[in-house]
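Residues per chain, in single letters:
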Amino acid sequence: MRDVFVVGVGMTEFGKHPELSLRDLGRQACRAAIEDAGVKPDEIEAGYCGNALASVLQQTTSVGQSVFWEVGIHKIPVVNIENACASGSTALHEAWKSVAGGFCDVAIVLGVEKSVMPKGTALNVGTASLEAQLGDIFPGNFAMMAARHMEEFGTTREQMAQVSVKNHISGALNPYAQFQKILSVEEVLASPMIADPLTLYSCCPNSDGAAALVICSADFASRATSKAIKIAASVLTTGGYDNQRDLTGWEAERSAAAQAYEIAGLGPEDIDCAEVHDAFTICEIVHYEGLGFCPPGEGGRLIDQGVTALGGALPVNPSGGLLSKGHPVGASGVAQIVELTWQLRNEAGKRQVADSRVALAQIMGGSQQGDVCACTVHILVNEQMPAASCLS
Amino acid sequence: MHKKIEDAEQQADWVPVQPGLFTYPVPAGKKPALYANQCQTCSGIYFPKRDICPVCFTNGDLVDKEISGCGTVYTSSIVQIPSPSGIRPPYACGYVDMALENEDESIRLYALFTDPDPVKIACGQTVELVIDEVRRDDHARAVMAHVFRPVDKD
Ligand SMILES: [Zn+2]
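For the protein sequence lines, the chains are A and B, in the order given.
Under this note's numbering, read the first sequence as residues 1 to 392, first letter to last.
Under this note's numbering, read the second sequence as residues 1 to 154, first letter to last.
Source of the hints: derived by calculation from the structure; they are not laboratory data.
One or more hints might be untrue.
[What the hints assert, rightly or not] Just so you have them, the derived chain A footprint on chain B, three or more residues with Cβ under 8 Å:
no.	region
1	41–53
2	74–88
3	92–98
4	107–119
None of these values were measured; they are calculated from a predicted model.
A virtual CB, placed ideally from N, CA and C, is assigned to each residue, including glycine.
Please model the complete structure; the sequences and the hints are all you need to start from.
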């Protein structure tokens, strides 16, 4: 397999964009990524588009082809990918395979979604399964995870609220974030209850937005005008759907992380910053454990210690995460890579994590029998920076 | 033929949430029970019943089993927003550990509770399987499903 690099990144502001279509949002993100990479559209040999909900919410399909044509990319292989919240990151995984496998030198990855709903309506992501028929919705699902995590490990409502507080502080420093407002623990806890113990500000919003990447081989990267960031690992896993499973974590995540660390030849101790799937506050605490940032059950303590805040030893979700930056479902996994690329290039502005060389992105999506359907872990490395061990 | 079935369905004032999960009304002298099956090769338990064991990829070894009686709440939540499928808030849902009838092996089952009372559905509480209405469908028929009822302790 060949090394693969991110050479171009771009995204729209996340938030409410009623006046912009999927095409408009996608075009803005793709154009920014192409210009950042300094490539010409006709140099791009393959396109991958992650989108989760357009077939339901916009009654449209083949989003990738319609957006890529907007920026002059056509006639090449284009693939549309739906993998729930991991749609965008799965699109990256497939594009990475294509470049790593030598099938093309340059590929574009797009994640795009319009999931802002009219006020007072729930996002309907399907009611076909038995669980969904019986009211198993995402906030309830994660509330049940939170309740068991509290029961087994003593995780508190305050610790969970602190995740939202922390991510809103970072989001307020990110011009692309949907929410630019700092919240207190009290405000998070006092916001309307959605599914006990998760309140409104414990849940990410529905958002519109797009993010795009240009990735390429080492040869091509040497010609790019931007700082190339290496994709040191790209792993996609699926749930096991065991109906006796422990609901305080996900085997799909532990497995994806273990594989990614092995492929990259790195461990959790090497990660300088991370973007994880904080669709609900409890998720981020569970991801600390699943990704090996702390032992199982210790996630609440990690947030108490400030380790994962900006300025801590391992900042998590410096972008503001889904909680503050917003969650245009199919775009989120790609936007994580955009943020981490900026971090590793030292271009993240006020929310810059100092001396970042290695970054990790994790996102997951879907639900079947209480287990997750898809989980991706990506590890990015800025090879132009010396490793920490060489510095000390 | 198709028309006849439709007529029959519309005449009933209830429908099961999904066919093949349980018998309703519950036969006299019997406890409400769910139809599951178990693989005799790997002991995997499946509810709803499966045609093939996803672990062993065999179908000859699946034996019908029933789930009934009481179980222990593994986790729960009370939801304050309506579900897209039409369950009205506030509603309580959770996972309950239920043993197979006359056996030790258990399955962790998602279902609604009859009562959105946080104390009665806390982790470790005992609940009993019943068949109850969970919502009304577009024809105003009761949609019946397996539901857990808190068991009052003496
Ligand atoms: Zn089996």
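Check: Are there three or more residues in the region 92–98 of chain B whose C-beta lies within less than 8 Å of some C-beta in chain A?
Finding: It holds, with 3 qualifying residues against the three required.
Note to self: Using a Cβ cutoff of 8 Å, are there at least 3 residues of the region 107–119 of chain B near chain A, or does the coverage claim fail?
What the structure shows: holds (count 7)
Margin query: Please verify the coverage claim for the region 74–88 of chain B: does it have three or more residues whose C-beta sits within 8 Å of some C-beta in chain A?
Written below: Result for this restraint: holds, n = 13.
Notebook entry, point to check: Are 3 or more residues of the region 41–53 of chain B near chain A, judged by a Cβ distance of less than 8 Å?
Noted result: holds (count 4)
Hint check: no violations occur; every hint is consistent with the structure.
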